[in-house]
Each structure stands twice: as structure tokens, then as C-alpha cells.
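> Construct the entire structure; sequences and hints are all you get.
Sequence order for the protein chains is G and F. Quick note: the first sequence, position 12, residue 11 per numbering that gives the first Met the number 0, numbers continuous. Quick note: the second sequence, position 77, residue 76 per numbering that gives the first Met the number 0, numbers continuous.
Keep in mind the hints are simulated off the structure, nothing from the lab. A virtual CB, placed ideally from N, CA and C, is assigned to each residue, including glycine. Do not take every clue at face value.
To be verified - Have a look at the derived ranges for each label pair, beta carbon to beta carbon:
no.: 1; chain 1: G; residue 1: R308; chain 2: F; residue 2: H221; range: 54 to 64 Å
no.: 2; chain 1: G; residue 1: G55; chain 2: F; residue 2: V189; range: 51 to 61 Å
no.: 3; chain 1: G; residue 1: D216; chain 2: F; residue 2: G323; range: 42 to 52 Å
To be verified - Examples of chain G residues toward chain F, derived with CB under 10 Å:
no.: 4; residue: G63
no.: 5; residue: L159
no.: 6; residue: M257
no.: 7; residue: E273
no.: 8; residue: R274
no.: 9; residue: L284
no.: 10; residue: E289
no.: 11; residue: L364
Unchecked claim - With a straight-line Cα cutoff of 25 Å, these simulated SDA-like cross-link-like pairs (lysine to any residue) come out:
no.: 12; chain 1: F; residue 1: K349; chain 2: G; residue 2: Q66
no.: 13; chain 1: F; residue 1: K349; chain 2: G; residue 2: R56
no.: 14; chain 1: G; residue 1: K38; chain 2: G; residue 2: G98
no.: 15; chain 1: G; residue 1: K292; chain 2: F; residue 2: G55
no.: 16; chain 1: F; residue 1: K349; chain 2: G; residue 2: K345
no.: 17; chain 1: G; residue 1: K224; chain 2: G; residue 2: A205
no.: 18; chain 1: F; residue 1: K345; chain 2: F; residue 2: F249
no.: 19; chain 1: G; residue 1: K345; chain 2: G; residue 2: L364
no.: 20; chain 1: G; residue 1: K224; chain 2: F; residue 2: I363
Each chain, letter by letter, is given below.
2 protein chains.
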Amino acid sequence: MSLPPEPFPSALERRKARWETYGEHRYLRLTDDFRGFPKGTLAWDDRLIPGYPRIGRIFRLEQGLAQQFSGPFWMEEKIDGFNIRIFRCGQEMLALSRGGYVCPFATDRAPEFIPLDLFDAHPDLVLCAELAGPDNPYTQGGPSFVSEDVRLFAFDMMRLGHPGFLSQAEKTALCNAFQLPVPRDFGRFVPGDWRDILTIVERLDAEGREGAVFKEDSPLGHRTKFVTAWSGVYDIAVRADDTVELPGDFFTGRILRMALYLDETGRERDERLERELGRAFLDGLGRSVERFKRDGRVAHDFRCRFRRRENALAFMDHLRAILGHTHIAQRRLEEEGNFWVLEFEKEVPKLTGLLHQLFRGVSILD
Amino acid sequence: MSLPPEPFPSALERRKARWETYGEHRYLRLTDDFRGFPKGTLAWDDRLIPGYPRIGRIFRLEQGLAQQFSGPFWMEEKIDGFNIRIFRCGQEMLALSRGGYVCPFATDRAPEFIPLDLFDAHPDLVLCAELAGPDNPYTQGGPSFVSEDVRLFAFDMMRLGHPGFLSQAEKTALCNAFQLPVPRDFGRFVPGDWRDILTIVERLDAEGREGAVFKEDSPLGHRTKFVTAWSGVYDIAVRADDTVELPGDFFTGRILRMALYLDETGRERDERLERELGRAFLDGLGRSVERFKRDGRVAHDFRCRFRRRENALAFMDHLRAILGHTHIAQRRLEEEGNFWVLEFEKEVPKLTGLLHQLFRGVSILD
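In C-alpha cells form, the structure reads like this:
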């Protein structure tokens, strides 16, 4: 590799970048935000692959949209999965995780959803997508409308070497031309349209959908997001067994979102939502307690499908490298039809440790 | 004052003790646990007033009692109020907060519940009690069975200069002789009785009571506590509007307690509890949002009654000194019958600040 592109020479000096390997490839990864470049930005050979910027969240539509946007913006459905960036490397496409690792799972599955033609026509394209569904190796749960495996939703495009997004028109044209799967696009709005937007969000809430992303239509177009009350309950339901692992704010932040959402929509007391929120907590932790009593530890089960066995093995290596060997246990890797099905467990160490203490009868000063 | 008693000379050197004043009195207060003496231990003239030790909590009765006690212990009802210690100073009694400040409120009201005769007969007695009820100046809410004002419950006794508790027999004899108000005493048990104890706790839960304290019957008798599922919901209901103020663990810890409680009692899914838990969160925060929209800030209202006006004023000074002027606003101090009724507001600054931002439409990276 010749001299890596800016900002990597200085980032390396400041220990904000690290060398990583994927197969034969060596690449540089920003391990933190650095000089305006987000964490996860890469130097791949001599090209810069922009990181996907973090997107802030508004808690009130009316005031939030007015504060965040001075002109028109696009509204798209927010999909509850994990963020990947896909780019071409030689005759294959590679997929990066948000943090900037080549992800063997996303790399294995992306070609089913994205034609390589896209990159023949646009070799410097970086496609930003969400990979979402119950059979993914990173997050518990997924969108209610993906009943099995995973699906991919392309929602943004960038170019190698150029931080910033393609315009909505260019992106839409490419998605149409190559028939890329995309999230629902609700159209173009201005901040004064917040009541119409709230009506759409209320429909998303009723359908058990996560929420929306709002995008200013310019290369460095500002983005912000807003989620439904349903999404708060859902997050708590799938993560309640991580209670002790996650910062407490994970939960209280979601409840604050819900309270503000209910206030803005002017809903009366919602008994169903109350019961679902309480159940989300108690069921989630109850599951962990059951599991602990059965297995002596709390763990999450993951299951995902690969096209190629070596990608499944590479994925397990990747997880072990990131999380440490103790917390990951491969349970099964078998061929089923056209797939290699990988099943593994991820231990929840803090809750396991705490339950060990509590079931031994330790008393806690709290 | 001559040389203060141990451990104060060394604690002063290590900055673990501070001089405080109350009226004409100067006294030393341990600001941290120090050499086995709990925070809140005092040097009053040349006498040591032992601090009240922190009491650990068990999350499982069966294993917890077996682990914490090797022999018999007493079981008493746990009262949801604030801990005070009462001692005699000249011809009056003074009451200390847990942290070791003379509390003008508890000092004003204690004589209604405790006869001074007690201290004539036992001048070196330190009476440990809970002051509980809706009209207290420290905590939101209180026990369901105290419908107005406050009541006092004497639950332990110590002696000046002697860390450690009087025996259960001595304590009970004194409580009977002087007709002191006490929490319910459920009797003497051994760890193997945990099923009977659970039955009592289940009754407490059904009655909306907080839980129980278990006490080994010896001078340094070990103590531990266990609370009902109801108490978790109640704590969340009264503190939900402090969501952002409190560490997130405040809430998740309570939910973990509830999950373990439900598991140990073998209850089936409890729809009422689920709904109450969800409502506790959403109502609590909903109240804060309403208040913020009305007043531009979130605050808790307190109301309490004093016998003497000067004690009310001293109490406000005390709070301002501890919490800072900005967060406390006196609203009313008026004579009503035999009382001076004090009303004040305590601001909830972090949630106020966060809601200011969110209602301005700020977007948050979370």
C-alpha cells in the first residue's frame, strides 16, 4: 500500500486507526471519530471508504423537524437491523459493519440482494444498507415483517473517496434501474408538514414498525430519526435479559421517548401499551432466570445462514476476536438445502455473574 | 470539646469527618465509612453516636436466609420511610438523619411519638426509627397504611459510645414499657423456615407493603432485607419522574428483584403486575412532561408539618445548604391548627434540562 489517504497518516500517529486483515487484504480502520471522519471509515488500498455517520434522534416531531431542517427533506421508513456498507473489491463485493470490519456474514449474503452489475456500472459506489431479520448474528429480533432469515434494504449511497451522500434522485434512479430492495419512501416534506408526518408515524406504530429517518437532500445532507412507541416496547422486550449488561439509560431513555411520543400524539392512557411495557421487562428477565436455572448461565441464542461454510467459520473467528473466546460458543454448523446454518450462543456475563451471586444468597448493598 | 472519641482524630486527618453546627452545638460527622464505623457516625461532645449500618438485600429467600444466617433471627416488617436516630441532649431529644445531620424536621416531630421519660430512664440510649408517611420532606410517597402526615416506627436501639444493637429482648421490653410505636414483629425463625417466611411476605405483597428485615439477635447482629414485588412497582411509580436523575440501575435493579421474586413464589404470569409496572413508568414520566409543559420545569412538591415555625425555617436552611439554593423553592409556611405547614418544591434539574432540549427539537446521539 502506498501512503494511505487522509486522515489515516495522522490517525495512525494518534492511535485512532488500526490495521485489520480480511483474507489476503490489509486495511486501515478508524477506531474513533477523527477530524470529521466517523469511526468505521476505512483506507482500502489507496481509497477512502467513508464511514456511515451517526444519526441523532428527535423526541418531538413538531419542534424537532423545525429545529433540524430549514427546507425540504425526505422521509423513509427506519428498518431495525444492522448497518452495512457494500463496495466492490476486484470481482466480488465486500460488506463492512458500522465499525468498519469486513463482515463475513454480510459479505456472504449481500450478493443475493445486490447485483454485481451495479458495481460494474458504478465501480466507486458504496451502498449503505440495513440487513434485518430474525436470523442475523448481531441483534436479537428484527422487523416484524421479516419472518425468517434476513432481508436487505438499501437506503443510502456514497462514493469511494468522497464523504457525503448521493442525491435522493440519483439514489432512487440507481435503485430502480438495478431493482434494489429499499425501505418505504414516504416522500418529500417540509417541517410544517409535521402533522401529516405524525399521521404516518402513527400508522407505523399501529403496524409494529420502528419509525422513520428524515434526510435533507444534499451531499452532506443532515439526517435525523424518530421512532414509534411500539419500538420502545419492542427494544425492551428483546433486550430485557441484558438488563444488567446494558447501561440503565438504555431502558429509561426508551421510556422517556415513549412518554413524549404519547404526549405528542395526545393519546389517552393506553392500557395495552402499559401491559406490554411491563410484560417486556418481566418476561425478558423471567426468561433469563429460567435459563440460568436450567443451564447455570444466561446466554442469547443466534442462528444465521451462510452460502459458504468458510464464511461461517470466518464469522465465528471474527466474533471471538472481538468479544473474547469465553463469551461465544458455536453450537452447530450444518448444511441445510442451499445454506450452511450456523448456531451459536453469546453469553451474558454480568447477568450470569449476578445471578450466581443472588442464587448463592449473597446480600447486596444497593 | 476535649479530644473527640476514636475514630474521629484520625478521620479528621484523612478528611473523612467534618465539623457541623446545629444551633449552639458543634459536632463531628463521618462523611464516609471509616475503619468499621459507618458514614453518619457522630462525635457529640465527647460521646460517640454510632451510625446506622447499611443493610444488604437478598433477592432469594431460600438461598439468602441460608447464606446470611447460621442460627435464629427475628423478622420485622420493613417500613418505607427515612431512617433517623434519636438521642437525648440536655432536656430535649434530637434526631439525626442517616447521614448524620441533626434533622430539624425529625427533631421537631419525634417528641410526639417518643416520651422523654425513655431517655430519663436510659440517658445513653440511641433509638433507631423510621419516620414514614406522605407528609415527609425527604421522599416521595410512603407506606400505604399511613394516609396522612407521618408516623414513627422504632425498630432498633443502640447506646452512646457502643456500636452494636441492644438485644431483641431488651428492645422489646423497652418498647413495651414506654409504649413506643413499632413495626410488626413476625417472630423468630431459622433459615429452614423460608417457606413460612415467604407466605408472610406474600401476604405483605398482597397488602401493598414493602417487605421485611431479618435480624440476628446479637449486639453486632447481622441484618438483611427482602422486599415484595409490589414494592418494586411502587418505587418506580413514585420515582419514575426522576428517570434521568437516578442511575438507570435504580429501575433495572428493581425489575430484576421483581423477576426473581415472581420466580421464587412460582406465580404464573401476572397481568395486573405487568400493567402496573408499565403504568408506573409511563404515568410517572407523563406527569413530568405535563408539569414541564405547564411550568417550564420539572419539580417535586413536598409538604410537611412542624410544631415550631423556627424548625421549619431551620429545615429549609438545611436543605438549601445540602442541595444548593437553585433547586429548592419555599412555597408556603402557614399556621394550621397546631402545626406550621411547610410546602416547598425541589427541582429535578437533569430532566428539566433534557426536556428543555427535547422540546426545542434538539437531536440526541444515543
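> Please go over all the hints and tell whether each is borne out by the structure.
Each hint, compared with the structure:
no., hint, in the structure
1, G/R308 with F/H221: 54 to 64 Å, "57 Å, holds"
2, G/G55 with F/V189: 51 to 61 Å, "58 Å, holds"
3, G/D216 with F/G323: 42 to 52 Å, "47 Å, holds"
4, G63, "4 Å, holds"
5, L159, "26 Å, violated"
6, M257, "6 Å, holds"
7, E273, "4 Å, holds"
8, R274, "4 Å, holds"
9, L284, "4 Å, holds"
10, E289, "8 Å, holds"
11, L364, "5 Å, holds"
12, F/K349 with G/Q66, "21 Å, holds"
13, F/K349 with G/R56, "18 Å, holds"
14, G/K38 with G/G98, "6 Å, holds"
15, G/K292 with F/G55, "23 Å, holds"
16, F/K349 with G/K345, "35 Å, violated"
17, G/K224 with G/A205, "18 Å, holds"
18, F/K345 with F/F249, "20 Å, holds"
19, G/K345 with G/L364, "29 Å, violated"
20, G/K224 with F/I363, "10 Å, holds"
Hint compliance for this structure: hints 5, 16 and 19 are broken, all remaining hints hold.
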